[in-house]
Every structure is written in C-alpha cells, then in structure tokens.
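Colleague: Sequence:
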Amino acid sequence: MEIIHSLSNYNHQDKTIVTIGTFDGVHIGHQKIIEQVVKTAKESHQKSVLLTFFPHPRMVLQKDASIELINTIDERAKLLAKTGLDYLVIHPFSKEFSRLTALDFVRDILVNKLNTSKLIIGYDHHFGKNREGNLEQLTEYSHLYDFDVEEIPAQDINDVSVSSTKIRKALAEKNIKTANKYLGYHFMLNGNVINGKQLGGKIGFPTANLDIKEDYKLIPKTGVYVVNSTIGGNIVYGMMNIGFRPTIDGKHQTIEIHFFDFKEDLYDQYLTINVLYFLRDEQKFGSVDSLIIQLKEDEKSVRAYLKNNL
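Sequential numbering from 1 applies to the sequence shown in our numbering.
It cannot be assumed that every hint is accurate.
[Claimed, not checked] Derived Cβ-Cβ restraints for the label pairs, each shown as a range:
id: 1; residue 1: Asn11; residue 2: Ser98; range: 21 to 27 Å
id: 2; residue 1: Gly232; residue 2: Glu299; range: 19 to 25 Å
id: 3; residue 1: Glu151; residue 2: Gln269; range: 18 to 24 Å
id: 4; residue 1: Glu264; residue 2: Lys213; range: 36 to 42 Å
id: 5; residue 1: Glu299; residue 2: Arg99; range: 52 to 58 Å
id: 6; residue 1: Ala172; residue 2: Lys300; range: 24 to 30 Å
id: 7; residue 1: Ile293; residue 2: Lys42; range: 56 to 62 Å
id: 8; residue 1: Gly233; residue 2: Lys82; range: 47 to 53 Å
id: 9; residue 1: Lys42; residue 2: Arg303; range: 26 to 32 Å
id: 10; residue 1: Asp265; residue 2: Glu151; range: 17 to 23 Å
id: 11; residue 1: Lys263; residue 2: Glu297; range: 36 to 42 Å
id: 12; residue 1: Ile231; residue 2: Glu299; range: 17 to 23 Å
Just so you know, these hints were derived from the structure itself, not from any lab. For each residue, glycine too, the CB sits at the ideal point set by N, CA and C.
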C-alpha cells in the first residue's frame, strides 16, 4: 500500500475503486467496506483507494480539544496497510476544505483527481459542505459523471450496529472484550518507553513507562489491565496500570507495564501494547507493603486469565 499525504500529491492515472471516511478504529464494519473495495478493484483490474482525513473534522470545525480517537493516524495507516489497499490518501482537513460543496467534491476530487469508476461507501454516509452530500445526491452525480455508487448496509453484531462511538463507549466502561470484538483486533497503545521513578523495580515489579505523544489518542480508564506486546519477535505478556499511583501520592497519570518473565531493558524502545482484558480498578493502599501484596495477587489473577484464555 502506498501512503500519499495530500490529494495534491496524488498523480496516478489509473481508474479507481474508492471509499471515503475517517475510519477511526478500522473496525469490523470499516473492514467490510474495505474488503469490498479491494475485491472490486481486483476483479475489474483497477486500483483501490481509501481517502481519509487528518486532523479529524471535529478538531478543526468544532475546535474540540477533548476528542479522543481510537487510533492515532499512524495506527490507522498500519491497520489499513494490512487490508490489501493500493493507495491510502491522507488529506489535511481544513476549514477551507470543509467548504467544498458536494458537487465540487464529486467533480474535483472523485472524478478529476482520483479518476473514480466506482465509489463504495458505508451506510448513511454524508460528505461535503455541512455534510449536505448523501447517497441520493451521489447517485444523481454518478449519472452525470459516469461512475457507479455502492452502499454497504450497516454491519451488525447481535443486532447491535458497530460504530466507532460504541467502541469508545465500551472502552470507557472498561468492557475490553466488547471493544475488541467490534474492532476485530486488540485495542492498542503505542509509545516510547521513558524513564520513570523506578519504584516498580525496587518493589520487585519493574515497569516500562509508556509515553504516548498524541494527545488525542483515547486512553482507557484508570485501572489494571492484561496486556501483551511483541518484543524482539516474541509475544510477551504482562499487566498494565493506568493511573495516578495514589499509594505514593502520584500527581500525573502514568501508563506502566510489568512484563512477566522478562528482564531486558526497554528504555527508549517504541512498543505496541495490546489490551486484552480489564482486571480491576486502581486503588489506594495504606502502605507500599500492602501494594506489593496486591500486585502479587494481580499477577496470579493475570496468569490464571492467560492460562484459561490463550
């Protein structure tokens, strides 16, 4: 998959099968759309294109500093690279771009820029200025500019429509199992390992302190989680604490991972942490000794979970 930053850098002349959207989460509903795009492109000997936007439109139009996205833009690109797409176009979203009318968007981008022969979209897709473009308008414009439109019906799991919003809600409620089911993969955190206060090592539970630079990345609620990571080609399991370390009067939220049966120094390494299960809420203990006792119980619980679920 070739990643192209900005439509102005897209210079291919091939006929294309296209889909459009933010695709936050690249969840199983998104995957169904993308599968159809890739399949149709191969069958018609054309190229598959996914057009997405960054920053997220809400960051630009609503100046929503509180927005939390399931994926960073890099995570989204890595997930999309696994789908078989030919081109991922990441276009900078701006107020100026948001003012394009539905007709301008179809004519200037879909037809003249991407050379679209077929547009495949998800259920209830809207686009263009004030989100005025819809399936009805797309169908009208497709006759005018000679391309096809296909709408993929809503993807359901147990009669519950999958959406990025529902996944964010599941994560907020610490329902990792449901979130991962909707995603079709484990929710992940990516970041560099930084120096911490090294208290964990002193009490027998050394941790990798993860620093996530993207402030818009959704971080699960405070608590202890079962996780894994691929380090040096091997899958390593452990437990992760997200929280403020109240027992030692911590002031800032940290993300700390204690890997089982692992001794290597991870400082300054870039890790992907896969979140498997929520174990318990963060607690304040009366002493460090009480904390150590609980951490030992946590490790037993996590190892038991892994034994029964792997």
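Colleague: Next step is simple, just say for each hint if it's right about the structure.
Modeller: Do the hints match the structure? See the list:
1. At roughly 24 Å, the beta-carbon separation of Asn11 and Ser98 lies within the given 21 to 27 Å, and the hint holds.
2. At about 22 Å, the CB distance of Gly232 to Glu299 agrees with the hint of 19 to 25 Å.
3. Hint check: Glu151 to Gln269, Cβ distance near 44 Å, so the stated range 18 to 24 Å is violated.
4. Look at Glu264 against Lys213: about 23 Å separates their beta carbons, and that is not inside 36 to 42 Å.
5. Range check, Glu299 to Arg99: about 55 Å between beta-carbon atoms, so the 52 to 58 Å window is met.
6. For the hinted restraint 24 to 30 Å between Ala172 and Lys300, the CB-CB distance of approximately 28 Å keeps it satisfied.
7. At roughly 58 Å, the beta-carbon separation of Ile293 and Lys42 lies within the given 56 to 62 Å, and the hint holds.
8. Take Gly233 and Lys82: their Cβ atoms lie about 18 Å apart, and the range 47 to 53 Å is violated.
9. The hinted window of 26 to 32 Å between Lys42 and Arg303 is violated, with their beta carbons roughly 45 Å apart.
10. Under the hint 17 to 23 Å, the C-beta atoms of Asp265 and Glu151, about 52 Å apart, miss the expected range.
11. With their beta carbons about 23 Å apart, Lys263 and Glu297 fall outside the hinted range of 36 to 42 Å.
12. Distance hint check for Ile231 and Glu299: the Cβ-Cβ separation is about 18 Å, which falls inside the suggested range of 17 to 23 Å.
Comparing the model with each earlier hint shows violations of hints 3, 4, 8, 9, 10 and 11; every other hint is respected.
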